[in-house]
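Working from the sequences, and respecting the hints, build out all of it.
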Amino acid sequence: MTIRRILMAAAAPVVAIVFSIAISSVVLMIAGTSPLEAWMEMLSYGTRLETLVATANRATPLYLAGIAVAIGFRMNLFNIGVEGQYVLAALLSASVGAAVDLPAALHVALIMLVAMTVGSLFAGVAGYLKVTRGVHEVISTIMLNAVALAAVGYMLRNWLIDDTDTSLNMKTPEIPPSGRFPNLNGVVETFTREITRGRELWGFILVAALVGVLFHLFLTRTRVGYDLRATGLNPFAAEASGVDPKATVMRTMLLSGAVAGLIGLPEVLGDSYKYDLAFTRGLGFTGIAVALVGRNHPAGVAVGALLFAWLDSAAPILDVVGDTPREIVSILQGVVVLSAVVAYEVVNRIRRSQEARDAAYATRQTTAVET
Amino acid sequence: MTAPAVELSGITKRFPGVIANDDVNLSVAEGEIHAVVGENGAGKSTLMKILYGMQAPDEGRMLVGGTEVEFSSPSEAIEHGIGMVHQHFMLADNLTVLENVVLGAEPRRHGLIDRKAARRDLEALGASYGLDLHPDDLVETLEVGERQRVEIIKVLYRGARVLILDEPTAVLVPQEVEELFRNLRELKARGHTIIFIDHKLEEVLAIADTITVLRHGRTVATVDPADVTAHELAELMVGSELPTPSTEPRVADDHVTLSLHDLSVLDGSGRPSLDQVTLDVHRGEIVGVAGVEGNGQSELIEAILGLRQTSGGRLLLDGEDIGSWPVRRRREAGIGYVPEDRHRRGLLLDAPLWENAMLGHQTMAPFARGPFLDRSGARSATARIIEDFDVRTPGIDTSARALSGGNQQKLVIGREMAASPRLLVAAHPTRGIDVGAQAAVWENLRAARREGLAVLLVSADLEELIGLADRLVVMLRGRVVAELDPATTTPRLLGGYMTGAEE
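Line by line, the protein sequences are chains H and L. Residues in the first sequence are numbered consecutively from 1, following the numbering used here. Residues in the second sequence are numbered consecutively from 1, following the numbering used here.
Heads up, some of the hints might be wrong.
[As the list claims (entries may be wrong)] Beta-carbon label-pair distances, calculated as ranges:
{"no.": "1", "chain 1": "L", "residue 1": "R115", "chain 2": "H", "residue 2": "E345", "range": "37 to 43 angstroms"}
{"no.": "2", "chain 1": "L", "residue 1": "A221", "chain 2": "H", "residue 2": "Q354", "range": "39 to 45 angstroms"}
{"no.": "3", "chain 1": "L", "residue 1": "S72", "chain 2": "H", "residue 2": "R357", "range": "23 to 29 angstroms"}
The set of hints was computed from the structure by calculation and includes no laboratory data. Even for Gly, the Cβ is constructed at its ideal location relative to N, Cα and C.
Here it is in structure tokens:
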């Protein structure tokens with residue numbers, strides 16, 4: 001029973017990936033290049049240590065973004081505003097981090113706290129609008145994304161800019177070493193070889209993993225998590241069971257925003273130590289795709305984040321070798337999302353009908369025993 | 001004699017765990033108004049969906065105008081001249097009447113919509129059937145009765161000779177009902193055949209030429225309205241050969257568990273849907289609430305649970321005013337709830353049984369410890385519920401969706417009983433479940449009553465009400481219009497009060 005269940009759960013992503021590779025191969029053939037060659041190139045480049053480090057670094061913020069979106073999805077709330085929430089949080093927490101000087105652990109903790117608070121409060125605006133005025137969160141979060149990005153530009157230029165810097169790159173002052181997150185190069189190198197200089201495995205991956213574990217425990221072990229899931233599964237039954245729909249909306253948005261606030265920190269605390277014009281944007285939207293691929297489950301989202309990150313990290317080789325356009329990877333990612341959604345639905349139907357058969361069998365059996 | 005307009009024979013339709021239609025036979029003559037009546041869940045809607053091609057029957061034959069047909073979609077039914085007016089209108093609010101009518105069947109000229117022809121056709125249709133409508137009105141500005149006329153014209157525009165109307169009067173006020181009936185008679189005079197689904201007996205008797213009664217998915221009778229009274233129809237609908245719950249000696253004491261004083265609820269348009277209801281339920285007492293569906297019973301239950309805002313009156317549980325309490329506090333105070341629609345209000349269909357067993361009790365032992373869920377406690381409590389209430393399932397990790405309706409209902413009842421509530425609010429606890437499960441539910445209710453549980457029981461099954469309840473109240477248009485002693489009440493008498501025939 002359980003083995004069958006695990007196999008069924010694994011079947012969907014595997015089918016989705018195989019299907020997307022097939023589709024992309026057809027696209028490549030139409031474009032006149034050899035798919036096999038392209039995949040082999042990606043595979044050999046993608047398994048190098050440096051690419052794997054880049055994959056882990058890319059996957060860390062993607063995972064946080066996926067979890068932030070998944071928290072909302074779990075109760076049928078669509079937080080499209082993760083994008084604005086994390087960019088705003090990154091700017092403000094980087095600025096606060098640069099302005100204070102504290103002992104190391106405390107310094108990092110403060111920056112994280114600021115980032116989570118900013119993300120949470122900004123997401124809370126959408127929650128508040130939904131609860132009090134019935135504004136749909138998709139509309140409000142999309143609008144608030146625009147507000148956040150404009151506000152970030154204004155604040156950076158006028159208030160938070162590093163005046164001592166004379167280059168054209170607008171940036172916030174740098175966070176002192178006490179506020180930086182240590183890398184994990186040492187750990188990796190004890191098992192493998194030395195990583196090429198200038199590349200670091202961001203330590204923030206541990207925070208991301210912890211967030212995933214906490215999210216899982218929250219959903220499955222706490223009353224509030226149960227209320228949230230129940231609301232997502234059937235809002236009417238949840239309400240009748242005593243769940244306050246408005247409070248649940250508020251809680252979910254605040255929580256989703258808090259996790260969203262962390263998305264920019266792997267980069268800020270592990271690599272750039274500041275917010276500048278080169279700061280990575282768009283992760284909030286990719287997070288939606290990652291959450292969809294991962295079925296909003298903490299482990300599934302991890303698979304989705306790693307898959308997307310690996311494709312992003314392995315793709316550049318296509319520009320260097322052969323004549324395969326690297327954009328094929330975007331097509332692959334898009335098809336993965338679509339086929340994952342379809343594959344999950346198919347697997348779900350099979351599982352349901354099997355369960356219904358089992359239940360019908362159980363009914364017959366007990367009846368037979370009685371008579 | 002000409003062939004009947006529609007003839008269904010031996011129609012059987014099964015859903016997992018439920019037989020919706022069981023060897024149903026229906027013969028509708030050309031040019032008549034044929035009413036199909038029955039309780040909710042008797043299989044009327046399924047039968048009509050089959051006739052309209054929305055669902056395929058598992059067994060049986062359909063003849064339209066004497067030739068055998070098989071529909072795989074509504075468009076095939078429309079081709080054979082069968083149209084359906086749904087209970088919930090399917091209109092685009094932001095389009096005009098004209099646009100709605102032609103939507104999907106637009107007359108074309110040179111590839112564009114021929115508005116002139118459309119308008120001409122619509123006006124001709126309206127004039128010939130006396131259906132009064134302005135083609136350029138926006139649908140969102142129309143009254144309910146007018147929207148229904150748009151739906152009817154839509155069906156006629158597509159050339160329907162046979163019209164199916166699914167509970168057309170449910171949404172109408174009395175004046176609109178009269179208007180509708182005038183329209184229907186006009187249609188009949190022009191040779192159309194009308195199949196009319198309803199459970200308001202007075203209306204059925206006023207309009208129908210022939211009445212077919214469904215009960216538990218079977219056709220039990222086809223009668224001429226001239227030969228029956230509303231009472232007799234009600235008896236046919238409810239049936240009397242069912243195992244009847246037997247009354248037990250009264251155990252209620254003087255303690256009032258639930259007390260309502262002038263409780264009122266307003267509907268969306270500000271009219272009272274629950275109108276100053278005053279009612280007491282004592283410890284160890286089952287109070288039955290009878291009434292035709294939609295006369296305030298749902299509002300009453302939801303107001304007690306806290307799911308619906310009250311506009312006035314007081315609500316006391318064991319003497320304490322709970323009117324301002326949120327739902328959770330009321331549940332924790334010991335109000336158990338068996339919802340009328342277990343799929344909508346009672347279950348998380350895609351969650352395992354043990355998570356369903358804690359629904360509504362998720363803040364209390366054995367399901368929770370502090371802010372955390374007590375998983376092992378919840379699982380063993382669920383196993384006990386399944387054992388004690390004979391829920392037939394492969395295990396507690398099976399999802400609720402997989403169970404049959406009867407077993408789902410036993411789980412819901414079991415979880416409410418296992419929490420030993422002070423008050424149980426139960427709506428149609430035996431609706432749509434098989435006879436065996438029904439008897440088990442009755443036994444559970446009686447056992448709980450002996451233990452001192454107060455029960456408010458809303459049901460459409462009059463035998464069930466008379467058999468189980470210590471006291472009966474009848475609701476009509478949001479008010480309690482009668483209080484009866486079940487020992488001296490018959491379904492016949494009850495039906496009279498429910499329809500307002502008895503005062």
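Against the structure, the hints:
Restraint check, R115 (chain L) to E345 (chain H): a C-beta distance of roughly 41 angstroms satisfies the suggested window 37 to 43 angstroms. At about 41 angstroms, the beta-carbon gap between A221 (chain L) and Q354 (chain H) stays in the expected band of 39 to 45 angstroms. Against the hinted window of 23 to 29 angstroms, the Cβ-Cβ separation of S72 (chain L) and R357 (chain H) comes to about 26 angstroms, which satisfies the hint.
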